[in-house]
Amino acid sequence: MKIPKDLFYTKDHEWARLEGKKAYIGITDYAQAALGDITFAGLPKKGDMLKQAEAIATVESVKAASDVYAPFSGKVTAINEDLAAHPEFINRSPYDEGYFFIMEISDESEKAKLMDAAAYEQYMEGISK
Amino acid sequence: MNYIPHTKDDVGKMLETIGVSSIDSLFSDIPQALRPKSFNIPQGRSELEVTERLRRLSLKNAAHLINFVGAGFYDHFIPAAVDAIVNRPEFYTAYTPYQPECSQGWLQAIYEYQTVICELTGLDAANASLYDGGTAIYEAAMMAVRLTKRNKIIMDSGVNLIYRTMLYTYTSNLSVEFVEIPVVHGQSSREELFKHLDDKTAAVILQNPNFFGAVDDYTDIVERVHKHGALAVASVYPVSLGMLRSPGETGFDIAVGEGQSLGIPLSFGGPYLGFMAAKKELVRQMPGRIVGATVDKDGKRGFVLTLQTREQHIRREKATSNICSNEALCALRAAVFVSLLGTEGLKELAQRNFEKAEFAKCELSKIPGVEVKRSSPTFNEFTVLLPGHADEAVYSMIDKGFACGFPLGRFYKGMDRYLLVAVTEKRTREDIRGLVDSLEAVL
Amino acid sequence: MKLIFEKGRHGRRGYVQAKSDVPEAKPLDKRYRRHKDPCLAFVSELDVVRHYSELSRLNYSVDTNFYPLGSCTMKYNPKFTERIASLDGFAQVHPLLPQISGGGMLAQGSLEVLYDTEKLLAEITGMSAFTMQPLAGAHGELTGVMLVAAYHKASGSRRKYVIVPDSSHGTNPASAAIAGYDVIVIRTAADGYMDLEEYKRRMDGNVAAVMLTCPDTLGLFNPRIKEIADIAHKAGALMYYDGANLNAMLGKCRPGDIGFDVVHINLHKTFATPHGGGGPGAGPVGVSGKLADFLPIPRVIRRTDGTFALDYHRHKSIGYIAPFYGNFGVVLKAYAYMLLLGREGLIGAAETAVLNANYCLARLKGHYELPYGRTCMHECVFSASRQAKNGVHAIDIAKYLIDRGYHPPTIYFPLIVKEALMIEPTETESKETLDGFLDTMVEIARLAEKDPASVTQAPLHMPVKRLDETKAAREPNLRWQP
Chain A
1 MKIPKDLFYT KDHEWARLEG KKAYIGITDY AQAALGDITF AGLPKKGDML
51 KQAEAIATVE SVKAASDVYA PFSGKVTAIN EDLAAHPEFI NRSPYDEGYF
101 FIMEISDESE KAKLMDAAAY EQYMEGISK
Chain B
1 MNYIPHTKDD VGKMLETIGV SSIDSLFSDI PQALRPKSFN IPQGRSELEV
51 TERLRRLSLK NAAHLINFVG AGFYDHFIPA AVDAIVNRPE FYTAYTPYQP
101 ECSQGWLQAI YEYQTVICEL TGLDAANASL YDGGTAIYEA AMMAVRLTKR
151 NKIIMDSGVN LIYRTMLYTY TSNLSVEFVE IPVVHGQSSR EELFKHLDDK
201 TAAVILQNPN FFGAVDDYTD IVERVHKHGA LAVASVYPVS LGMLRSPGET
251 GFDIAVGEGQ SLGIPLSFGG PYLGFMAAKK ELVRQMPGRI VGATVDKDGK
301 RGFVLTLQTR EQHIRREKAT SNICSNEALC ALRAAVFVSL LGTEGLKELA
351 QRNFEKAEFA KCELSKIPGV EVKRSSPTFN EFTVLLPGHA DEAVYSMIDK
401 GFACGFPLGR FYKGMDRYLL VAVTEKRTRE DIRGLVDSLE AVL
Chain C
1 MKLIFEKGRH GRRGYVQAKS DVPEAKPLDK RYRRHKDPCL AFVSELDVVR
51 HYSELSRLNY SVDTNFYPLG SCTMKYNPKF TERIASLDGF AQVHPLLPQI
101 SGGGMLAQGS LEVLYDTEKL LAEITGMSAF TMQPLAGAHG ELTGVMLVAA
151 YHKASGSRRK YVIVPDSSHG TNPASAAIAG YDVIVIRTAA DGYMDLEEYK
201 RRMDGNVAAV MLTCPDTLGL FNPRIKEIAD IAHKAGALMY YDGANLNAML
251 GKCRPGDIGF DVVHINLHKT FATPHGGGGP GAGPVGVSGK LADFLPIPRV
301 IRRTDGTFAL DYHRHKSIGY IAPFYGNFGV VLKAYAYMLL LGREGLIGAA
351 ETAVLNANYC LARLKGHYEL PYGRTCMHEC VFSASRQAKN GVHAIDIAKY
401 LIDRGYHPPT IYFPLIVKEA LMIEPTETES KETLDGFLDT MVEIARLAEK
451 DPASVTQAPL HMPVKRLDET KAAREPNLRW QP
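Protein chains in written order, with our numbering: chain A, 1 to 129; chain B, 1 to 443; chain C, 1 to 482.
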């Protein structure tokens, strides 16, 4: 299971990659594997205002549906248009091609409520027990 | 006889395998204090006795009346082949096709039904059925509320009153706001509707033909609805779609309706068939089961229930609807009925209904003191203004062998003299002449 | 198999209308008429009959295959009830007839059926009054929850939550949610029953109702059910009984005697009306006395002269929930079934259903993991977790059973059991049928040890092999395109 070093993670298995005020958002390798073949991602709209920890997207496989929660508060600046035709990108490449959207974060201090890679790794060990 | 096959010997052996001495001991988890206080059910009877009792009861219903009552539920002819097919136990004793490999017949039949509904309504995607025309309107309204994230619904009062009333019941504990638009001269009042239409509106619900039988062209309304980012919902009478403009052609986003007219008996109110079709971008908010085509391991075409994440068995309290059992067997009736008729047959059926109603209008208007309302074109149902109380006329007509129409005063204040008359292909020229002569005699 | 639209020839017809016997009418203005014809089938009557006959043979059904689909009570559907429902005197009656002046007299037969069925169901469940209107089980749930809401509203109490256990049917939380409630989910404890401690913790004056299935979806009767009801009542909450599993209770225990306030019944389960490939069903709702005034209108009443009538004048009623009086055709079949079985027959149905389920349980418990319970009521829930270790999952077992001519049990439900196999044999199946099925289940358990691949490839003998459900969901193809 891949847990890239440079990302921030939530307990609900979202990740965020920060580039200044800009953040890429997606779901983790663990989340995609647990769902199985992903059939659909219901994304927010460009311009939507998000609040940290609120359900802002959905991700579905044939027999399961999960909510995706916002790692940060802020504004959606772009969505991954490719996912509409290729939801399998989320399975194949959860941290890259399979990102969900890009947002401009409004409060960097919210980082404090997220985990870094080491903490997420430890958290995952707890789950697998 | 109670359909239990076990012999005493079977029961003995089974109890032995289970390792208990009596069937009673299998119920030991039910505390004595919770055993029934009473269970006064009559003794069982034979099939012959029950059949006779119910046959006699059936004779107490006036099924013999020559029927001109419609009001959304119509007396159409059902070809015998429809009954023959739905009476095949491989259809009617199966359940929801959760296991596709042993349910391909049902799944394909539903896929064909969905295609029929799409073709009739001129829309992209249909579900596998809802309970009835009223719950279908409710589901469409809630779909619009979810899709637009708004909560104001504008509803034309030409929508069947029964359905409007149902909608109010269902939403009584929800924050949904309704505005009703009056019908003026038989048609939806544009002036009133546009006054209320705004950027808070989730949906505008219209019916064609409306409850009074009036046919309308809603293009102007639908355009305005879309300008406000709201959804346009049409409730339609499927037999009329052999002639009338389809909801898709008018630009409606969602079409719903009562499918009873497509080969389903009147049966005192049910089981009926709610149908729903929508533009394809709305499909993920649709309620109920949906069948899709796919391929098997060898690449062969097959069918499955799909997009199930919308449904209650997966998404539970976040599902698009709570519907589980639907009206599949009635949907099969509709699919078979429409297949028998084909395109030309459906057009011919619609034409026959239309021309018989036009004939009846013409004949009824010859009765002195009777006025046929002609402010709007109609399909197979129309309103008639009588010189006296319509209720009394209907009552008197029963003795003459006619259910001559629905007295509108039952539903609408101030319409005590109005009669709503439906004429289907089953009514012959003689039936219509008989209706006119008898009505003239009782007035 | 070809679709009906892919068969036939342009110009072929399956039904021809009678020639018109009225003058030609002036056509409607073009703006009202459709521009594009619907593209439908071009087939003869024989084409249609043969097409659907062929399709029908691709289905498993109760009449052709053992169908132990848990929670669905796939018992035999007696044939005589079909004939009764098709009698002209029932099938040809317009539902508005009793609503025209003096019209009650035009439908006395149907009204009597509704009235009597209400009375029978009330006695069977120990409730005071019933409505026949709900058109399916889930529709009954929604009606029931709306009755709960109306009751609390009338007593001036604003409550926000409905409690459901995590083993509940998905319809329970869904019905509560669409009626406007938030859902509290209580987990199942190690003994298989709802966690009583957590339940007590979550119960307070904000809870409107507790929705329970009894016996529950694990096939267990909770001996502390009365205590659960008492706790709810003490907090002013109502008890809702999901009647999906009523078959085990007939004459053995009545929800009304336990203290349930609202009950829905699935006539297509307990009362043997056909499932119709997914419907129509019927979901009558019964209530205790304090809720009777809120039932939907119209109510069927019996006048002092013995005639029947519809009563619309109930000012506390929640209103209309169906266009008329329910799925009358379905209610009629259930009524005929109850009359035929009578008291002893109904009790016998429950006893034999429970006997058959326990027989299945006894014969399979050495071969499959039984996560909860020692005996069961009308159904037993196993886990294929032992087989899953060898790569044989519940779904594989289901597909293998299909190859062997059996409709599979319900799988992956209840959600709290991993690899769940929920077997409900019903009372109408013989020992030979059960033995055949159980032998096959034992054989599968053995194959899972020795030759897992032989199970996981199934089905091999059906019209299609395993279907690509991911493709179906990723690229929805929901209709034929001309």
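None of these hints come from the bench; they were simulated from the model. In this text the structure is predicted, and so the values were computed from the model without any measurement. Careful, some of the hints might be misleading.
[Stated by the list, open to error] If you anchor each label on the Cβ, the simulated ranges turn out as follows: (1) C/Gly236 with B/Asp9: 33 to 39 Å; (2) C/Ala190 with A/Ser109: 39 to 45 Å; (3) B/Glu249 with A/Ala64: 36 to 42 Å; (4) B/His185 with C/Lys30: 50 to 56 Å; (5) A/Met1 with C/Arg374: 35 to 41 Å; (6) A/Glu108 with C/Pro463: 31 to 37 Å; (7) B/His196 with C/Ala190: 55 to 61 Å; (8) C/Gly289 with A/Lys111: 30 to 36 Å; (9) A/Asp116 with B/His196: 50 to 56 Å.
[Claimed, not checked] To list a few chain A residues with every Cβ distance to chain C over 12 Å, as calculated: (10) Asp48; (11) Glu60; (12) Glu125.
[Stated by the list, open to error] If the Cβ cut is set under 8 Å, some of the chain A residues that face chain C in the computed set are: (13) Asp12; (14) Phe40; (15) Ser66; (16) Gly126; (17) Ile127.
Each residue gets a CB set at the ideal place from its N, CA and C atoms; glycine is no exception.
Evaluation of the provided hints:
no. : hint                               : verdict
1   : C/Gly236 with B/Asp9: 33 to 39 Å   : 53 Å, violated
2   : C/Ala190 with A/Ser109: 39 to 45 Å : 43 Å, holds
3   : B/Glu249 with A/Ala64: 36 to 42 Å  : 39 Å, holds
4   : B/His185 with C/Lys30: 50 to 56 Å  : 21 Å, violated
5   : A/Met1 with C/Arg374: 35 to 41 Å   : 40 Å, holds
6   : A/Glu108 with C/Pro463: 31 to 37 Å : 59 Å, violated
7   : B/His196 with C/Ala190: 55 to 61 Å : 57 Å, holds
8   : C/Gly289 with A/Lys111: 30 to 36 Å : 59 Å, violated
9   : A/Asp116 with B/His196: 50 to 56 Å : 54 Å, holds
10  : Asp48                              : 24 Å, holds
11  : Glu60                              : 7 Å, violated
12  : Glu125                             : 21 Å, holds
13  : Asp12                              : 17 Å, violated
14  : Phe40                              : 7 Å, holds
15  : Ser66                              : 14 Å, violated
16  : Gly126                             : 19 Å, violated
17  : Ile127                             : 16 Å, violated
Of the hints listed earlier, those the structure fails to meet are numbers 1, 4, 6, 8, 11, 13, 15, 16, 17, in rising order.
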